[in-house]
Amino acid sequence: MSGGGGAGHGAGRGPGRGASATRIALIYPELLGTYGDGGNAIVLERRLRWRGLPVERVDVPAGSPVPEGCDIYLLGGGEDAPQVLAADGIRQNRAISRAVRGGAAVLAVCAGYQVIGQSFPSGGEIHEGLGLVGIETRRSFAGPDTPPPGRAVGDIVVEPDRRLGLPTLYGYENHAGRTRRLPGCEGFPLGTVRRGIGDGSGGGTGPGNGSGGPGGPEGTGTAGAAGTGTDGIVDGRVLGTYLHGPVLAQNPALADLLLTWVHGDLPPLSGPPETVALREARHRALAAG
Amino acid sequence: MTTSFPRRFTARTQAALALERLAAEASRRLGRGSGEMIGGKLALRVSPGALAEVGSRRPSACVSGTNGKTTTTRLLARALGTLGPVKSNSGGANMAPGVFAALSKPPYDTPAALEVDEIWLPKVTREIGPRVVLLLNISRDQLDRSNETRRIAAMWRELGAELPDTTVVANVDDPLVAWAAAGWSRQVWVSAGQNWTADAMVCPQCARLLHRNANGWWSECGLARPEPIVSVIGPRELLWYGRTIPARLDLPGRVNLGNAAMAAAAAREFGVEVEAALTAMTGLGDVQGRYQEVVLGEQGRRGRLLLAKNPAGWVEMMELLADAPPRPVIIDFNSQTADGRDPSWIWDVPLERLAGRQVLVTGERKEDMSVRLAYAEVPHSVHRSAEDAALAANEKLVDVVANYTAFRDLLVRCTR
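Quick note, the sequences are listed as chains L and V, same order. Quick note: the first sequence uses my numbering, first residue 1, plus one each step. Quick note: the second sequence uses my numbering, first residue 1, plus one each step.
Treat the hints with care, as some may be off.
Rough simulated footprint, nothing fancy, chain V against chain L, three-plus residues with beta-carbon under 8 Å [said to hold, decoys possible]: (1) 40-50; (2) 72-85; (3) 237-248.
Think of the hints as simulated: they come from the structure by calculation, not from any bench. In this text, all values refer to a predicted model and were calculated from it rather than measured experimentally. Note that the Cβ used here is the ideal one computed from N, Cα and C, for glycine as well.
Build the full structure now, drawing on both the sequences and the hints.
Okay, structure coming up:
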């Protein structure tokens, strides 16, 4: 099932949770925090608190077991060796997998995005991921005779899938891997890349073509070099993307979407006005390119 | 023209030196900076061996690390200056051409204190065979350039095997540095401190998580914090080869005392007594505009200039700000190529600590900084320029924290 729209989930995870705090888990920030991704936890926490809603932030230090019972799990970016260490640590107790089955949400960015898939490359080897979503990451999907592409580094702009009801997503990407959906993947891409690389797998799925299909984005006004590729995955309440920045700081509507998934309808929150100015500045800087 | 250079230089290097002088002079006359880079580049192209010829017959020290290179080099040059003339690339040009330019003029046997870029350290040290190499720290910097802190550490570690006659002065509080230096033939271990540990969570040797407590850090593979012979033990105190000595600097902050401890330990390898070294360092109050007070725009506004170009540097500046009266703070923030194009690292900086001060934001990425401060719940205002911000400040004297290009441009505007 796809809970991407957020609508229809009523009051979040089960009855009677209205009074209890929303628990936001930041997973292994020492290992998965190279690109300021801890900022995503700050954004979610503040956006609940500014609405007068109770929130509890749970920082899970590397080496300790991942707790079940949290509402949103955050995984950020990291270098090769820490990424493998993080994946091994998270897999040890499968708490995130159980929590997701129970209705929790996951935001996984960059290395974290690769980790939630079936497999990812590191140090010349292929490592097992968490298998939360049907994606895989490799250095390249071209044949062995084609040199692998360079790192994808730079500003990235993504037009999100219509079903998500979100405005344009801004961010920064920095990754060597290329990611694609596997046959049978029930999720759909987060959106179409208007600038930058994103998944870098040509916008399609792996062999056999996944059943999810690129639903909404017909590329409205996206004619351009990067107009056909996709970035990210939305499968139920699991959302993966290559966008950091941090992604929720630059895209507050995405933060609120995640919160809606686990909390249900939210009281309105205007701003903060600084994010409006930032998004205008990003639009001015990137629209031309 | 070339006859003024020593006969032992190859003809090629004599030509290179002449060319370097001409190019540097022309560049200066055209007003294009100090001319070090252009002259040095040309010379090394004409004579690739020239750096070894001008550098290898003198006792020298090379200073490298993510943060503190320029300041530590300046402190070391002062300490070595107690012995006589010293060569140094004090302008901060820290790749091979800049180092060459600093060494290109006679005499060719005077000591040298050289700042060297982390990536350029192997190339430069192989050429000149320094007596001492100082390794300060390694942390994330310029995220868009594929931040691989361990790769730099591994490169330094391998370098040790090629420099059997070189002593390494290394910071034991940085696990990446300690691991890199452990492979060298002789170490002087200094506890210079590390207030940014996020880039040293994983053992560089075995990739397992490092353990830490108040006494240091260690790994299950056996790698552990070496026992230092020199330590910063207080805001004005060093433990120096078994005795406690006072150390007062004109440069602010504990971080600079750590830099001074590293420089003094290196100077000792040249025969400079620690007391003489520290006395010589005391007169230094600013380094290339850092910590300098400048006139900021109109109406008698003044600003103390602070450089913070990465999270570790920002944390150092936070400590320094906490030591002084809570003046208004202007943050001037860019993301040009020299700064790193990716500004997301500001979310790693504990800007919440600025709460209670007047904060004013400017720079090309002022909107990004403004959002960061909004989520840190630090009230602030946004301005077109640092000078405008200074006019809006509640006090006539402000602190200005700027990253690389913002700092550079501001310094030019304020000092011309």
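We went through each hint and held it up to the structure:
Only residues whose beta carbon comes within less than 8 Å of a beta carbon in chain V count, and the stretch 40-50 of chain L has 3; three or more means the coverage holds. As drawn, the stretch 72-85 of chain L meets chain V at 5 residues by the rule of a beta-carbon pair under 8 Å; at three or more, the given contact holds. Figure legend: the stretch 237-248 of chain L, annotated as covered by chain V; annotation consistent (3 residues with Cβ-Cβ distances under 8 Å, at least 3 required).
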